[in-house]
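*Asks:* Quick mapping for you: the protein sequence lines, in order, are chains C and D.
So for the first sequence, our numbering puts the first residue at 1; every next one is plus one.
So for the second sequence, our numbering puts the first residue at 1001; every next one is plus one.
Treat the hints as calculated values from the structure; they're not laboratory data.
Do not take every clue at face value.
Keeping only pairs whose Cα atoms sit at most 20 angstroms apart, straight-line, the calculated SDA-like set for lysine to any residue is [claimed, not checked]:
hint: 1; chain 1: D; residue 1: 1081; chain 2: C; residue 2: 60
hint: 2; chain 1: C; residue 1: 47; chain 2: C; residue 2: 90
hint: 3; chain 1: D; residue 1: 1069; chain 2: C; residue 2: 80
hint: 4; chain 1: D; residue 1: 1069; chain 2: C; residue 2: 100
hint: 5; chain 1: D; residue 1: 1276; chain 2: D; residue 2: 1301
hint: 6; chain 1: D; residue 1: 1321; chain 2: D; residue 2: 1121
hint: 7; chain 1: D; residue 1: 1377; chain 2: D; residue 2: 1304
hint: 8; chain 1: D; residue 1: 1263; chain 2: C; residue 2: 80
Below, a sample of chain D positions facing chain C; criterion: calculated Cβ distance under 8 angstroms [said to hold, decoys possible]:
hint: 9; residue: 1240
hint: 10; residue: 1343
hint: 11; residue: 1353
Ideal Cβ placement from N, Cα and C applies to all residues, glycine included.
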Amino acid sequence: MPDATGLELLAAELGDAARETVYFRGQATIEIDPARVREVLSALRGKGYSFLASVHGVDYYPEEPRLGVLYELLDMARVDRVKVRLRVTVQAPEVDSVTPEWPTADHQEREIYDMFGVVFRGHPDLRRILMPEDYEGHPQRRDFPVGGEPVIFTRDERRWLEEPSEPA
Amino acid sequence: MSPPEDRTLSDYRSREQSVTLSRLDEPLVQGGETSEELLTLNFGPHHPATHGVLRLLVTLQGEVVRDIKPIIGYVHTGIEKTAEDKAYWKVIPVVERMDYLAYYFNAMAYCSAVEKLVEVEVPPRGQYLRVIHLELNRIASHLIWLGTSALDLGAVSIFLYCLRERELILDLFEMSSGQRMHTRYFQVGGVIEDIPRGFEEKVREFLKVMPERADEYGAILNSNEIVLQRLRGTCPLDAETLLGLGVTGPLLRAAGNPWDLRKADPYCSYDHFDFKIPIGTVGDNYDRFAVRLAEIYESVKIIEQALDGLPEGPYITEDRKVALPPRHELATSMEALIHHFKLVTEGFRVPPGEVYAPIESPRGELACYVRSDGSSKPARVHMRDPSFVNLQAVSHMVKGSYIADMIATVAMLDPILGGIDR
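Chain C with its partners taken away, still in its complex shape (with noise of 0.2 angstroms):
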């Protein structure tokens, strides 16, 4: 991790793209303007940060804005880790996507659109990647219940499809 001054005179080398600096037990978070991610993680690429150990998908409810995306680099040199953060509506969650430079984003990306509906601009194949192709709703936003879905059996098919709305 960069220490606390090092971590400063990284954001202040981003420019205004950089909002925000976190340093919190030692690990050390940039949070960014989200239209700027792809020349933001370019510019870190070009310090040595050249490897995308991580994609995360976070729900800030009941901050706003609500939804996060973390990008965990590694600079494999100087084993130095730095977090980029961005926040997006849940109303415009429309984030680009890194593939084209790290295409290890690629099923990451595609989990936080399942679990989120973060969309990433740019994806070349941004589809459901864990949850059924014809699941309705982002279920790991905090305001997505847990429980209460039909299971669906062959015997249920009918009902469940005729009546969507309540389990069977």
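Guided by the hints, dock chain D onto chain C, whose structure is given.
*Replies:* Quick look at chain D alone, frame taken from chain C:
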């Protein structure tokens, strides 16, 4: 049952119903060379060689794979969602069930994330006991991989031998925690119990046996012409592409990049031990096999050193706000009773914030991201599962090679579907 009327069918269901299994009267492609025909073949969702409920859509030209699309989600159980509804310490058994061959690693990633959030130190004995169990688990996981992979390559007897040794490890787990799988041995702040009397001797017996047995497996497979021909030179991928795809672990090391978090960014006192990182040269299937086999010996070395240097002292943190008080205190101390009651009913509260805790699992960088909102339940738990990320490399590896090599490559990839689907 007759299908419901069209208007009630979703797009997906109607497409599904349009599939016919009846014999076609005319060939799919009119004219043209037979070898130019592209055939899309569905592997799975439960092909025996797919190591779980994995489905692969393979586009074939003759016997050559032109494209491959993994389709996953068949064993998605919503573990991450479930975790948001449980107190921090009750999440451990749930996350353990993700990657079901490396349960200690899942618990370790999750516990170290929570330990970072609550700023709890694991005492040295707890760390050493963790290392012993992690490395035993690594061997067990590699044994299952070796057995099932050899099965895919046509060597059936190896599978039975591997299960024999894995059984010894599961017996050890049963001895220390009472469970053979999903042991819930790791707790936030340490381990649940000290190892019982006789455990150390049992582990040493196992450590004496294991390298000899690993020698045997190596000797059997390395003199098996069929296995060698199916592994050597098949489906290599260079380290640069692998890094771009986010691949870590034995697959990356097979391509010659010695990246291992145990060395690069030591956690849990891994820097106290002397061990080597086996790496490959070409990055083909044989290197992937050889690297994992060599890792078994290194794990044995680590466990030996951990047993030799096992420090005395507490095995779990003394912080009563996080860890349960010892049983005997409950009868005498009111304070201990209150702590026990608070922990069991509500659980401990965690300061708000978000952390990312990576560790080296048998399959690569396994990391846990935990976000806390200040309550006693995590607001988000996300596992960066190495199998999920590594699976993306399979199409890059097998494009342009034969379908039989695809089976070998998927075997050497070692995907665990419980970890992929979570």
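*Asks:* Look at each hint and say if it fits the structure.
*Replies:* A quick look at each hint next to the structure:
1. Restraint check for residue 1081 of chain D and residue 60 of chain C: satisfied, since their Cα atoms lie roughly 14 angstroms apart, inside the 20 angstroms limit.
2. About 32 angstroms separates the Cα atoms of residue 47 of chain C and residue 90 of chain C, which puts this hinted pair outside 20 angstroms; it is violated.
3. For the hint pairing residue 1069 of chain D with residue 80 of chain C, the CA-to-CA distance comes to about 33 angstroms; that exceeds 20 angstroms, so the pair is violated.
4. Using a Cα cut-off of 20 angstroms, the hinted pair residue 1069 of chain D and residue 100 of chain C holds, with the two alpha carbons roughly 18 angstroms apart.
5. Distance restraint check for residue 1276 of chain D and residue 1301 of chain D: the Cα-Cα separation of roughly 9 angstroms lies within the 20 angstroms cut-off, and the hinted pair is therefore satisfied.
6. Among the hinted pairs, residue 1321 of chain D with residue 1121 of chain D is consistent with the structure: their alpha-carbon atoms are about 13 angstroms apart, no more than 20 angstroms.
7. For the suggested pair residue 1377 of chain D and residue 1304 of chain D, the alpha carbons sit about 38 angstroms apart, so the restraint of at most 20 angstroms is broken.
8. Straight-line distance between C-alpha atoms of residue 1263 of chain D and residue 80 of chain C comes to about 14 angstroms, which keeps the hinted pair within the 20 angstroms bound.
9. Nearest Cβ of chain C to the Cβ of residue 1240 of chain D: about 10 angstroms, over the 8 angstroms cut. The hint is violated.
10. For the restraint placing residue 1343 of chain D at the interface with chain C, the shortest Cβ-Cβ distance is roughly 22 angstroms, beyond the 8 angstroms limit, so the hint is violated.
11. Taking 8 angstroms as the C-beta contact cut-off toward chain C, the hint placing residue 1353 of chain D at the interface holds, the least distance being around 5 angstroms.
Of the numbered hints given earlier, the model fails hints 2, 3, 7, 9, 10; all others are met.
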